[in-house]
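Given chain A, put chain B in place with the hints provided.
Those sequence lines, one after another, are chains A and B. In terms of the working numbering, the first sequence opens at residue -7 and continues consecutively. In terms of the working numbering, the second sequence opens at residue -7 and continues consecutively.
Certain hints may be false.
You can't tell identical chains apart in this list, so a pair holds if it fits in one copy or across any two.
Claimed, not checked - No more than 27 Å apart at the CA atoms, straight line, and that leaves these computed lysine-lysine pairs for DSS-like: (1) Lys(-6) - Lys119; (2) Lys282 - Lys240; (3) Lys191 - Lys98; (4) Lys204 - Lys191; (5) Lys191 - Lys240.
Keep in mind the hints are simulated off the structure, nothing from the lab.
Protein chains: 2
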Amino acid sequence: MKIGFIGLGIMGAPMVGRLLDGGHQVFANDLNPIQPEILEKGATQVSSAKEAAEMGDVIIIMVPDTPDVEIVLFGENGVAQGLSSDKIVVDMSSISPVETKEFAEKINARDCPYLDAPVSGGEVGAKAGTLTIMVGGDQTTFDKVKPLFELMGQNITLVGDNGAGQTCKVANQIIVALTIEAVGEALLFASKAGADPAKVRQALMGGFASSKILEIHGERMIKRTFDPGFRITLHQKDLNLALSNARKLRMALPNTAFAQELFNSVAAQGNADLDHSAMVLALEKLAEHKVCE
Amino acid sequence: MKIGFIGLGIMGAPMVGRLLDGGHQVFANDLNPIQPEILEKGATQVSSAKEAAEMGDVIIIMVPDTPDVEIVLFGENGVAQGLSSDKIVVDMSSISPVETKEFAEKINARDCPYLDAPVSGGEVGAKAGTLTIMVGGDQTTFDKVKPLFELMGQNITLVGDNGAGQTCKVANQIIVALTIEAVGEALLFASKAGADPAKVRQALMGGFASSKILEIHGERMIKRTFDPGFRITLHQKDLNLALSNARKLRMALPNTAFAQELFNSVAAQGNADLDHSAMVLALEKLAEHKVCE
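Chain A with its partners taken away, still in its complex shape:
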């Protein structure tokens, strides 16, 4: 299949690598020069998002945030200018669900289907092709693109109509942040009360308190290994999506707001580039106690 791919960053580049390994033709566009190893694998560098859209039957976008997607789609020499009927636009960036619905409508108006398909699993998952992919769009388009998704990920779900993929990703980031907070308060309490947090974590792993976060991020809090992983700055972006969309939707997310403030407090300590498990540093400041020294 001919694929236009826009955004070959930390996530995009290995995803393109997986598509090339799968035998597909990739027309790659990025603000920076395309990585030599990607060109060696057979990708063709193109000069604009428009050209990527002209060359590809499926156009995949993987850029940082909502305004970036808007520029890539509708800016000068953007994807929209290179589209013709029935080309499929797939936004795999993690952006606003509300704006995603608007973008999809504008692309649909050009007789092109649109999928929002954000991922979780990070750089490791992108390289290994084990990303979780949460998709919004129609079943027919999903079925057409699924073979490409299967090269990049494993847990692939059509969640609903356009916007539902982004909504699901935001829900994922809410749960992850708030569960980090849960594990942080619990281990901090245990430590302050004089128990060994490592043994507490172990005792809790089999029961109702068990989670991926207790397993992985709990261990990071105990071992003080806060190298990313997933940076706090990126999780702040995602919680901002949650909170700004909640405001637009007219609903309250009180603890998501508080989790964001904890991230802000870690940033105030100069630690915004640590792994998100370092949210515990803000709880430790509030408690004047550390999970472990």
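Just chain B now, with coordinates in the frame of chain A:
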């Protein structure tokens, strides 16, 4: 082994059943008459905690709260009056870690070892003998009592010295409450944004957001099955332990405090006897939206 057992309520009665099935002699004491099926299995009813302590080599306590344990141990005709050297006192109630240390010291002063050994897993786990048991005390005493624990539970951990078992249980209840909150906000956001919360839950089950709570309590929120399970009133008791101990220890648990307020809000709706997954009812009030109708 000869076991004195005080407190044959919803949890204690099936635990005694397991001990009797394991071939042990049980001297049972409760404020209410002992259940006929327990007597038929061979338990001997005794008239006081003191008598249970006189008859047993190991004395197990399973009562609701800290003041109840204090009365059972040190009240008139209490356990302490029936103790002689080397009898082992095991408190399996879920009570305050700070007071537990005081109780243990007073029992130790009578030449008797003490274990705090609270459980999680509920009535279902008590009947099936699959409780998680979190133990505080010394290794020698733990090893002596372990065969009894193994009749009642599966995931059995010596967490640390006296108090560490109760501390671990409190940590468990903090994580469970705050993860319920996490799942509640995420599913509520997804629903309000127009996605199907059941599909969102499914899509999230494989990734970093996965937890027992997403699996079980998430489903309860979607299906609106709020029959207990574990009652909000009981979880309020446990979070009160967390918050009052945190105050004594001089530390902050901001989101545990907020989770308690959400339980209080559900109680304000007249729903304190629902399952703790019904915490989502308070979030729904704040958002003027339901996860599902």
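Hint by hint, here is what the structure shows:
{"no.": "1", "hint": "Lys(-6) - Lys119", "verdict": "within (21 Å within a copy, 60 Å between copies)"}
{"no.": "2", "hint": "Lys282 - Lys240", "verdict": "between (38 Å within a copy, 17 Å between copies)"}
{"no.": "3", "hint": "Lys191 - Lys98", "verdict": "between (54 Å within a copy, 26 Å between copies)"}
{"no.": "4", "hint": "Lys204 - Lys191", "verdict": "both (17 Å within a copy, 20 Å between copies)"}
{"no.": "5", "hint": "Lys191 - Lys240", "verdict": "between (44 Å within a copy, 23 Å between copies)"}
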